[in-house]
Each structure stands twice: as structure tokens, then as C-alpha cells.
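Fit the two chains together into the complex; they arrive one by one in their own frames, and the hints show the way.
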Amino acid sequence: MSSNRGKGSAAGLAAFAAIIAAAPFLLPDYYQSVLIVAGLFAILSMGLNLLMGYAGQISLGHAAFYGLSAYASGILTTTFHWPVPAGIAAGVVLSGVTAALIGIPTLKLKGHYLAMGTLGFGVIVYIVFNEAVGLTAGPSGLTGIPRLSAFGKTFSTDREYYFVVWGTAFVLFVLARNLVRSRMGRALRAIHTSESAASVLGIDVARYKAFVFVLSAVYAGIAGALYAHFVTFVSPGSFSFHASIQIVTMVVLGGMASLWGAVAGAVFLTVLPEWLRAIEDYDILVYGAILVLTMRFLPGGLAEGAERARGTLVSAFRRKSPASAAAASGAEGRKP
Amino acid sequence: MLRVKNLQVFYGMIHALRSVSVHVKEKEIVALIGGNGAGKTTLLTAVSGLVRTTSGEVLLDGGDVTKEKADRIVRRGIAHVPEGRHVFKPLSVEDNLLLGAYHRFTWRTASVIRGEIEEIYTLFPVLGERRKQPAGTLSGGEQQMLVIGRALLSHPKVLLLDEPSMGLAPKVIREIFEHVARLRADRGMTILLVEQNARAALSIADRGYVLETGRIVLQGSSEELLANRDVQRAYLGREA
Ligand SMILES: Nc1ncnc2c1ncn2[C@@H]1O[C@H](COP(=O)(O)OP(=O)(O)O)[C@@H](O)[C@H]1O
Ligand SMILES: [Mg+2]
Chain Z
1 MSSNRGKGSA AGLAAFAAII AAAPFLLPDY YQSVLIVAGL FAILSMGLNL LMGYAGQISL
61 GHAAFYGLSA YASGILTTTF HWPVPAGIAA GVVLSGVTAA LIGIPTLKLK GHYLAMGTLG
121 FGVIVYIVFN EAVGLTAGPS GLTGIPRLSA FGKTFSTDRE YYFVVWGTAF VLFVLARNLV
181 RSRMGRALRA IHTSESAASV LGIDVARYKA FVFVLSAVYA GIAGALYAHF VTFVSPGSFS
241 FHASIQIVTM VVLGGMASLW GAVAGAVFLT VLPEWLRAIE DYDILVYGAI LVLTMRFLPG
301 GLAEGAERAR GTLVSAFRRK SPASAAAASG AEGRKP
Chain G
337 MLRVKNLQVF YGMIHALRSV SVHVKEKEIV ALIGGNGAGK TTLLTAVSGL VRTTSGEVLL
397 DGGDVTKEKA DRIVRRGIAH VPEGRHVFKP LSVEDNLLLG AYHRFTWRTA SVIRGEIEEI
457 YTLFPVLGER RKQPAGTLSG GEQQMLVIGR ALLSHPKVLL LDEPSMGLAP KVIREIFEHV
517 ARLRADRGMT ILLVEQNARA ALSIADRGYV LETGRIVLQG SSEELLANRD VQRAYLGREA
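Chains as they are written, first to last, in our numbering: chain Z, 1 to 336; chain G, 337 to 576.
Pulled out of the complex, with its shape left as it was, chain G reads as follows (with noise of 0.2 Å):
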């Protein structure tokens, strides 16, 4: 579904990536772990258009979006959920999610749109509770909630997780895995989760990559991943 080829970016000498090639298929979670300014954001970043590639490819379905903009790479079918969730602080919760149908909203679709609003509302109830409320009041999680709510709405083929854990308390973290984990069961979506939070990431996830400095320098099922000594000492805080 999702294919990234030897893609390559700079951050002006910055060498962020160097020929990174992953691959998502159809309805899997894939994981993208790896330390603190390893390159994930900025794979993500390159793959719906915020940063611009120097070479390589990103294809979805096969067709070429490397070169897209932004705003058209979501019409595309790439939902990206940003690293700091990047929630409309002063919007209501309801417009919030509205944005996320931005693209498909017109006074003809306007009301298939709300009934889908209230399908987000049956999968995070307590954003229904709040929808009338500035969405700068909602807690972290709830936050993390209205932002993949709000991707869903653009009705992607493949949805790009930046961080969902990042500052969250443990339980909370347990909570938004379990709904990344519904979104594949119950609806079919297609998942790149990027995390730190590797053991997390890949306790849901099928296949992982680790990302070192800009390169993929380990690939495998998430048990493989899970019982890599490599992997183990430097990401799942455990001595070998």
C-alpha cells in the first residue's frame, strides 16, 4: 500500500536521512522505532509532504506522491498525525474534527459528514462529552484521541502515528495502543506508527524497522525485534 524508496533528506548539511526504504502493506501496523533524532519525524514529514525529499520515492498504490504538496497528499489518502498532536487549541472539539473532513466538506456532504462525527464520538465517547468545549482543555490523552480522530475524517488509506505516547501517563499510553490496535481490527486501517516507546509499539504492531541516525539498520517481525539482543539493550531498557 504504502512503499518509501531510498528516500534521502537534508536539513540544509544535515544529512536527516540516507536512503531509507520501508514498506507498509495493507491493513498492518508497522513500527518505526528508534532514539531521539533518529530521522522518524522526518520520514513521516517527508512522506505527507511537509519537508521536501532531495532523491527517492514515496508511492501509495503504486502512484507517485513524492513530489505532492501537502494539501494534496491528503487527498491522496496519507492521514498524518503530527509529532505534539497539534490539537486547534482554541476550537471547539466538533470543529476540530470538521478540519478533518476539511477537504471533503461541501453543503452536500456536510451531513454524511456530521453522522461520521458521531461514529468518532462512539469510538472516543469522551470527546462526544466535550465537543462543545476548546479543545485546548482536553487532557494529553484526550488530545491524542481528537487528532486521530480528526485523521480518520479525511478517510485515509494509511494513517502516520508520530509519537501517540509522548508525554502521556503509562495507563493512558495502554489506552491509545488499545485503540491503534481497534482502528486495524474494527475498521481495516493501515498503520506506520513511529515511536520511542518501543516496546509499546511493538506489542501492537506486525512488523517493526529501527532507524539509527538517518538509516534503517534492523528490520523484522516484532518478535524478532522484541527478542533482538540489539534491540533490547538499547530500546526496551533491558541489560543483556
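If we strip away everything but chain Z, and leave its shape as in the complex, we get (with noise of 0.2 Å):
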């Protein structure tokens, strides 16, 4: 059964690569930017899903740490001259210690502290983007960061960069997904469903819970970096507490506690304003229909959607043999 899984789970993930491999030949040049930014975003989802879908841990400031490690790459790279790889690793580690100085002291607590905690540094950091003239350009926001270059090579084209991106967030994913189906990855998801059960079984709730905001920190930390060295260009709006609410409507949109759904949540909420260009005035409207549509619909989110459909088809196929229907009729009448 296990080895079933495995087999089944590894074909997903070569699909997967697959998929990334072959995107940016498929689509139209103009797409590949697009999918850049959904590349961040989906490394940004399943970081805030690994905290919220499966620890149950709510961050509504997750663009601070996105934006932190972007101008502390963006500064460093460019007022100091630093070299981009050594930029980036520093953005990372301070969105990573930041989460930590958060983190340890408001975790210990129960409720949604969290919450608040994130929210107000949310705020906080955002001011610092607008008032710290002298280190982050103000509101006008920093120019001429340089692009990504490392091991001698300037990563200067968008499909370069494309499979910088994508081919971070892959390596992320299967990391993500080791981890929740480890011993850990249990631990984090009995914790959201009872801290107290949790830690009667010897499960170091407080603990657990900063490493997994730590971790869904470096996350952001990692996409805020590679955003600034794409777009060569930061400013405040970017990481603004909307920009917050937008990574956590891609986690419940895509599907709370799935990987797949993190990252499809992230690809769809990016491209879908592209798409709804076209009917300009109204985009937010329809925008925001689809949303409430598919919440109404799929309150598992997109995950739930993919998971139906899969029944569906697999239920269709079965139709067509009546050993195996039968089969599968048993099985399904024992479920209540």
C-alpha cells in the first residue's frame, strides 16, 4: 500500500517537472514573466501552508518577510555592492530571524496571538519601507538592483530566470513534502487539531509551531530575494498588508493542508487578473465572484476540486468493467 503511494506520488512530481520544463516553450513569451511571479507566489503559498494548512497557525503579515529579505537583498546588492548569492542568503536568514524573534515568544501561547502578532509587524515593516529613506528609497522605492548572476552567469533573459524560479520552487516542494509526511509532519498536523492531545503524546507544541513559522518565514524570505532580483526594483506597495491577505487567499483557494493545492492556488490567483484584463471595468467584480464561487463550491479549494474530479474519472473507468464497478461499490458501501 505504501509502496503504492510512493510510486503513484513520484509519477506526480515527475509531472510536475515535466510541466515546468515545458510551460515556458508552450506559452506565448509574455506569459513567462507572468509565471515568474507565480513561481514566487506559489514558493510564498507553500511556505504560509505548511504553517496554516498544516499546523493551523494564522500569519496575516507574511508580505513583511517577503519584502524584508527583498530589500535587504535589493540594499546590499546595490548600496553595498554585495554579491547576489551573498545578498539573497542574508535576506533569507533575516526574514528567518525575524520570524524567530516573532515567533518563540508569541507561540507559547494558545489562540490566535499569532495573528495578531503578524498583523501588527506587518504594519510595522511596511512603514519602515516608506519612512527609511536613507536605506530603503521611500515610497518612490530602490532602483538598479542588479539581476541574478551566479557561478559566472548573468541570469538576464525571463526563461533563465523562469527556470531559476520554478526550479527553486520544485526543490522546495519536494522538501515540503518530505517534511509533512515525516514524523514531524504529523506532530505539526495533531497539533492543529489538538494542541493539548499534541503534547500528552510528547510533542513540544511551542517548538514545533516557531520551527514551522521559522520555516514558512524562509520560505517568503527566498521568493522576496529572487523577486527583487528579477524585477530589479522594490517598493513598498509590494509587501503592503493587501499583499498579505493575497498569499492567504491562495493557501485557502488552493486548499488548506495540500501542497498541490498551494501551488495551483498561487499559478491560478496570478493569472487569472491577466486574464480578466480583458473585461476591464469589471475584472474586480468577476474576480472577486470566482472567489466566493469556488470557496461556495469547493470549500476544500482547488485541492478538493482536483480530488473530485479524479473520482469522478476513476469511477467513469470502472463503469466501463463490472468486476472492478462491483468492486468498488463494495468498498464504497462500507464507508458510512
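Hints in this document: simulated from the structure, not taken from any laboratory. None of the values given here were measured: they were computed from a predicted structure. Worth double-checking, as some hints may not be accurate.
Stated by the list, open to error - Computed cross-link-like contacts, BS3-like style, restricted to lysine-lysine with a CA-CA straight-line distance of at most 30 Å:
{"#": "1", "chain 1": "G", "residue 1": "K405", "chain 2": "Z", "residue 2": "K110"}
{"#": "2", "chain 1": "Z", "residue 1": "K108", "chain 2": "G", "residue 2": "K493"}
{"#": "3", "chain 1": "G", "residue 1": "K341", "chain 2": "G", "residue 2": "K361"}
{"#": "4", "chain 1": "Z", "residue 1": "K110", "chain 2": "G", "residue 2": "K361"}
{"#": "5", "chain 1": "Z", "residue 1": "K108", "chain 2": "G", "residue 2": "K405"}
{"#": "6", "chain 1": "G", "residue 1": "K341", "chain 2": "G", "residue 2": "K493"}
{"#": "7", "chain 1": "G", "residue 1": "K403", "chain 2": "G", "residue 2": "K493"}
{"#": "8", "chain 1": "G", "residue 1": "K361", "chain 2": "G", "residue 2": "K405"}
{"#": "9", "chain 1": "G", "residue 1": "K493", "chain 2": "G", "residue 2": "K425"}
{"#": "10", "chain 1": "Z", "residue 1": "K108", "chain 2": "G", "residue 2": "K341"}
{"#": "11", "chain 1": "G", "residue 1": "K493", "chain 2": "G", "residue 2": "K363"}
{"#": "12", "chain 1": "G", "residue 1": "K425", "chain 2": "Z", "residue 2": "K110"}
{"#": "13", "chain 1": "G", "residue 1": "K425", "chain 2": "Z", "residue 2": "K108"}
{"#": "14", "chain 1": "Z", "residue 1": "K110", "chain 2": "G", "residue 2": "K341"}
{"#": "15", "chain 1": "G", "residue 1": "K468", "chain 2": "G", "residue 2": "K493"}
{"#": "16", "chain 1": "G", "residue 1": "K403", "chain 2": "Z", "residue 2": "K108"}
{"#": "17", "chain 1": "G", "residue 1": "K361", "chain 2": "G", "residue 2": "K403"}
To be verified - Just some of the chain Z residues that point at chain G, by a computed CB distance under 7 Å:
{"#": "18", "residue": "R147"}
{"#": "19", "residue": "M184"}
{"#": "20", "residue": "R186"}
{"#": "21", "residue": "T193"}
{"#": "22", "residue": "S196"}
{"#": "23", "residue": "S199"}
{"#": "24", "residue": "L201"}
{"#": "25", "residue": "G202"}
{"#": "26", "residue": "D204"}
Backbone N, C-alpha and C fix where the C-beta goes; we use that ideal spot for every residue, glycine too.
So, in C-alpha cells, the structure goes:
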């Protein structure tokens, strides 16, 4: 049974890699920059889903971790002429350390203190981006950030950068997947359901919540630094409360506790506004309507939709051969 | 084996436990009975480290565990099956059981633990039939078996059971209590059983304590308590 599941998911990963590899060759060039942004949001949503979907903790300030790393790497490479990889590393570390400073005290408490804490933190960071003009260049934004270059190679075209972003997203996906399937993943989901039951089984609840919060901030930091060296310009607007809510929406729409859902939610909500541009004045309206309808009919998000579609396909397939159809109905009959 | 001495617990201004002392000897089943709000759950949560105590001691095999955190206490050998069951509903039955062995799960012990889970399936065959199902789809009685099985996988010296009969039909309650009695008979388990259903609890226990508003007001063998007029009037629903 478990080896079966192993094979199935290895096939899923291979398909994911194949789609990543093929997409830029199948879509018009214009889509490459859209897909790069989608990839960055996929990284953000995966990280936030580890925190929200698996461990059940809410961050309402994830854009701040995204922004901290983007600004840190931007400033270090532009003002202080650090090499880009060093700037990225510093940005990611800054996001992670900041998350530890916020998470360790707040996550010792039960309840929604993390949501409150991150909400406030997001607002403060946004103000700092605007006001610390000497460092961040204020509301007008920091310009002239170098493109990513590493190992003597500059990733200057969108197609090259696409592979950097989605290659990173793929690696982070595999890491997250291994994590949620491990003993620690089970512990996180246990914490989500009942902290007291988790702790009497020997799970150090506060430590795990803090760890997964830091990890989700590290994911956000990676996305932020990659963002800065892609658009070569950062301004506070990209890291506002609105951006934090957008990441939460991607996680919820994609499906809580589903890494595929996180990727799907990010891609869907990045591409959708591009499609809706055609209907200019009504785009926000239609966007909202699509969100409401999806959550109304698929409360488990896009992941649930995919799961249901697969169920329908499988049973349609079984109906063709009577013997397996009987087996299927037998299995279903036992369920209730 | 387990000895609680002069334990006091406050929730803010509420004095929930007033110098409570109880003990459980090896391979004994001890019932702690009392009405709603008497402090039974508080006593178990204080023993397992979920609530802080103000004063008093909890000793396990003579070692002091009073100030330890909950996730350390289970490693010392106290397994707490909380009130309201707390199954991890979205997780499969099997993952719930694996979490029972959480603190000793490594790649080395994984296969041993898988074997122990099979033993739990022998003990509770219905869990084996549903091993891949989300635990939330189980009936109340099955969920109670699951949380007991989960607790056993932590290799406890003492099992603390908080109202296993809560919300279950009489027939299912009987089944659960038979299982509890067998845990002691077959596995030599030491059990502290908290119940409002005094008759069911005392029918399998060796001894019992009666807790009222945070105080132990009576203790004795199960026979003595079952024959006691005050106990009969207050907890066995029989007018004397
Ligand atoms: N978390 C809590 N905060 C404040 N008071 C509590 C809390 N838990 C229990 N109490 C109070 O402590 C007393 C004992 O409760 P409890 O231990 O749950 O009793 P029992 O399990 O015997 O029904 C009750 O008066 C209850 O209202
Ligand atoms: Mg209680």
C-alpha cells in the first residue's frame, strides 16, 4: 500500500517537473514573466500552507517577510555592492531570524496571538519601508538592483529566470512534501487538531509551531530575494497588508494542507487577473465572484476540486468493466 | 507506582483542587468518581503536566515529575487519555496510532512500532478494518478505542483515562470497560480511571476515591464505595 502511494506520488512529481520544463515553450513569451511571478507566489503559498494548513497557525503579515528579504538583498547588492548570492542568503537569514524573534514568544501562548503579532509586524515593516528613506529610498522605491548572477552566469532573460524560480519552487516543494510526510508532519497536523492531545503524546508544541513559522518565513524570504533580482526594483506597495491577504487567499483557495493546492492557488490567482484584464471595468467584480463561487462549491479549495474530478474519472473508468465496478461499490458501501 | 500528594491547583481565583492526595499501586485499577465540576479532569491534567500546580507533588516510581512539561512526562511513563477523546480527525487511524509512539519513533524503531500497531489491531479489530480511514469518520466508541490504543503505544507505566464513557450508549460503555479491565488482566497495566459513571467505573476498579468540589471526601475499596449510602445517593442514582 505505501509503496503504491510512493509510486503514485513519484509519478506526480515527474509530471510536475515535466510541466515546469515544457510550459515556457508552449506559452507565448508574454506569459513568462507572469509565470515567474506565479512561481514566487507558489513558494510563498507553500511556506504559508505549512504554517496554516498543516500546523493551523495564521500569519497575516507574510508579505513582510517577503519584503524584508527583498529589501535586504536589494540594498546589500545595490548600495553595498555585495554579490547577489550573498545578498539573497542574507535576506533569507534576516526573514528567518525575524520570524524566530516574533514566533518564539507569541507561539508559547495558545490562541490567535500569532495572527495579531504578524498583523502588527506587517504594518510596522510597511511603515519602515516607506519612512527609512536613506536605506530603502522610501515610497518611490529602490532602483538599479542587479539581476541574479551566480557561478559567473547572469540570468538575464526571462526564460532563464523562469527556470531559476520554478527550479527553486520544485526543490522547495519536494522538501515540504518530505516534511509533511515525516513524523514531524504528523506532529504538526496533530497540533492543528488538538494542542493538548499533541503535547501529552510527547510533542513539544511551542517548539514545533515556532519551527514551522520560521520555515514559512524562510520560504517567503527566498521568494522575496528572487523577486528583487527579477524586477530589479522594489517599492513598499508590493509588501503591504493587501499582499499578505493575497497569499492567505492563495492558500485557502488552493486548499489547506495541500502542497499541490498551494501551487495551484498561486498560479490560478496570478494568471486570473491577466485574463480578466480583457474585461477592464468589471475585472475586480468577476475576480471576487470567482473566489466566492469556488469557496462555496469547493470548501476544500482547488485541491478538493482535483480530488473530486479524479474520483469521477476513476468511477467512470470502473463502470466500463463490471468486475472492478462491483469491487468499487463494495468498498464504498462499507464507508458509512 | 503513582502518588499524588497534597496537590493544589488554581484557575485564577477558582480553587479547583484543594490538597488532593491519591495513589495507584502497580497493576491496580483505581476509580476517581465525582460530579460535574468536581475537579476530576483538573487532577489528571495536573498529573500529566497540562496545567500548572500551585503546590503538592506528583511522584512516579518515587521520582518527582511535578514540574516537568507535558511532553516530557509522557516519556517518563504517564499516558493521559483526555476527556472528549481528542482524536486527530483528519488523520488516518494508522497515523493517529503512529503519533502514539511519537516520542520513540525513529527509522530504527519504525518496524517495531508497526508491529505494535498490529497488536493494537488485534486488541481492537475494528481499528484494523478502518486503518486507512480518517479518524473523524469513526463512531464515538471506536474513537475511544483509538485514543486508548494511541496512549498504549507510548509504553506507559500508568494510564490516565478521563471519562471514557462520555456520550456513549450503554452497550458501548460496557464494551469499553471490558477492554479497560482486560488491559490490566492481560497486560498488567496500571490505571487511574476518572468517571461520572460511578457504577461502571467501580465495577472494574479495585479501589476508588470520591472527589467533591476539589476535595477527596471518601475513599475505599470498590465494594465499600458501592455499598456506601452517600455514594449510592449521590452517584449511583439510588434513593437510600
Ligand atoms: N481552564 C479552566 N479555567 C477556569 N476554570 C476551570 C478550567 N477548567 C476547569 N475549571 C473549573 O475548575 C473546576 C473543576 O473542573 P474539572 O476539573 O473540569 O471538573 P470535572 O472534570 O470533575 O468535571 C470547575 O469549577 C471548572 O469550572
Ligand atoms: Mg471532566
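Tested hints:
| no. | hint | in the structure |
| --- | --- | --- |
| 1 | K405(G) with K110(Z) | holds (15 Å) |
| 2 | K108(Z) with K493(G) | holds (29 Å) |
| 3 | K341(G) with K361(G) | holds (14 Å) |
| 4 | K110(Z) with K361(G) | violated (35 Å) |
| 5 | K108(Z) with K405(G) | holds (13 Å) |
| 6 | K341(G) with K493(G) | holds (19 Å) |
| 7 | K403(G) with K493(G) | holds (19 Å) |
| 8 | K361(G) with K405(G) | holds (23 Å) |
| 9 | K493(G) with K425(G) | holds (27 Å) |
| 10 | K108(Z) with K341(G) | holds (29 Å) |
| 11 | K493(G) with K363(G) | holds (9 Å) |
| 12 | K425(G) with K110(Z) | holds (20 Å) |
| 13 | K425(G) with K108(Z) | holds (24 Å) |
| 14 | K110(Z) with K341(G) | holds (29 Å) |
| 15 | K468(G) with K493(G) | holds (29 Å) |
| 16 | K403(G) with K108(Z) | holds (17 Å) |
| 17 | K361(G) with K403(G) | holds (22 Å) |
| 18 | R147 | violated (43 Å) |
| 19 | M184 | violated (10 Å) |
| 20 | R186 | holds (5 Å) |
| 21 | T193 | holds (5 Å) |
| 22 | S196 | holds (5 Å) |
| 23 | S199 | holds (4 Å) |
| 24 | L201 | holds (5 Å) |
| 25 | G202 | holds (3 Å) |
| 26 | D204 | holds (5 Å) |
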